[in-house]
Amino acid sequence: MTDITEERGTDMALDRQLEVLAVCGVGMGTSLMLKMTAEDALRSLGVEARVENTDLSTARGMSPDVVIGQGMHTGEIADLAPVVITISDFLDKDGLEAQLRERLTAQGWLS
Amino acid sequence: MTSRTDRPLITATDRVTAADWREAARKAAEALVEVGAADTGYPDACVRVVEKNGPYIVLTKGLALVHARPEEGGLAVGVGVTRLAEPVAFGHPDNDPVDLLLAFCTPDPDAHVGTLAGLARSLSGGLADRLRAASDEDDLAGVLKEAVPDD
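Chains as they are written, first to last, in numbering that gives the first Met the number 0: chain Y, 0 to 110; chain G, 0 to 150.
Chain G extracted, bound-state conformation (with noise of 0.2 Å):
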């Protein structure tokens, strides 16, 4: 079953450790299971996105978007910012290393594209900079908030 929710699901964790990209891909998925915006199943479906397709999710200098198909595991629509103690490789020509992790899950394909536009448009004005730069967990928590649109 999926279900709508006014606003996306926000979450945040800060100095998440990982030994490699599919640990630091797993665990910003990971945040979005706790806070019952994806299935167990969601963080396992973004590895193997990578796996198959290859690093393109990092989209940006340092940034990955974490993400798999609506009917993996989306339960409502979740935005999730993983910053990591250390960066990681993902292989990616231009982008490496990753130190950001936007998660994102969606129930259906349509619900989630005000919440992804809003945020494209946010990275665009220079929220990876304004993530890197919070303070602490609710800091980033607060700055991801105002760079996703209520919907």
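If we strip away everything but chain Y, and leave its shape as in the complex, we get (with noise of 0.2 Å):
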């Protein structure tokens, strides 16, 4: 097993699942959502990846390639991963595709 973390913000493509946190204040409801979306998203774009949810404090604890946010909450989340989005429209999985096809490609995560 080699360590992924090496490979953090590198240009090397990613040989494995990508990792991402879906984020919102209880960490329940509202990042479920955006879970699903980010998920529809995802799939479209062709990425292998596996999103989880949760609330903005158990994010704190954790390292995703990814990490997806409210925008007001772009403070709290901004230091947790190499690639931060932020979007105001839960639901809006097009947008969230756009952004997602941007800045995976930005890291050379797709191609």
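Just so you know, the hints here were simulated from the structure itself, not pulled from any lab data.
Heads up, the beta-carbon is just placed ideally off N, CA and C, and yes, glycines get one too.
One thing to keep in mind: the hints can contain errors.
Covered stretches of chain Y, going by a simulated chain G footprint (3 or more residues, C-beta under 8 Å) [unchecked claim]:
hint: 1; region: 14–25
hint: 2; region: 28–35
hint: 3; region: 88–100
With a cut-off of at most 25 Å between alpha-carbon atoms, the simulated DMTMM-like pairs for lysine to aspartate or glutamate come out as follows [said to hold, decoys possible]:
hint: 4; chain 1: G; residue 1: Lys60; chain 2: Y; residue 2: Glu75
hint: 5; chain 1: G; residue 1: Lys144; chain 2: Y; residue 2: Asp91
hint: 6; chain 1: G; residue 1: Lys51; chain 2: Y; residue 2: Asp88
hint: 7; chain 1: G; residue 1: Lys60; chain 2: Y; residue 2: Asp93
hint: 8; chain 1: G; residue 1: Lys60; chain 2: G; residue 2: Glu85
hint: 9; chain 1: Y; residue 1: Lys92; chain 2: G; residue 2: Asp128
Build the complex from these two chains, which are given one at a time in their own frames, with help from the hints.
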């Protein structure tokens, strides 16, 4: 097993599942909606990913590849992951997909 | 004590008047208390969620998902829709004003996943517009029932 953290922030393609965290204040309702939107978007992009949802305070102890949350929570999630994405409409799959495509491509995780 | 019901309790209230978002959220959650899905402290807990974390529960244009943690008074899985007579502002940068509130409660963190997942799918499939087009309270309840899986 290689240490996956060594690949963080590099230009290497991921040879494993992308770890994605959907975050909201309570960590069960809104973030679950967001998780489902993210799963749909990642599926459309053909990205193999595991999406979890949680609350802001639990999220601080985690180190996903991508974190997705509300714009108003940006300050609290900004340093959690190499890729931080904020959206205002949790059901906007197309908008999230466009952001994911751009950011994952920039990381070299999507070609 | 918590109990797991076979299917979520569904409730609908229409033409609800609210002076501000607090009253709207409280009334939406109050409907869950009335059907026995949530304890009396739940509405205030739902308001505190927004006070603490901001109006992120306004998850798409015009629609708020009113909820709090299970231990704040969730007795059964319940979903309620509340349609406001006049929309209110939650202070959300993009999704205000809010005219539809979906209130939600669950007795434990796992019991609700199927229900909310179904609700999310329905919302992506235009549930909000179908709720806005409902003719009255019974119609609202019917539309919501169709959107929530039996689990």
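Query raised in the report: Failing hints, ascending?
Result: Per hint list: zero violations.
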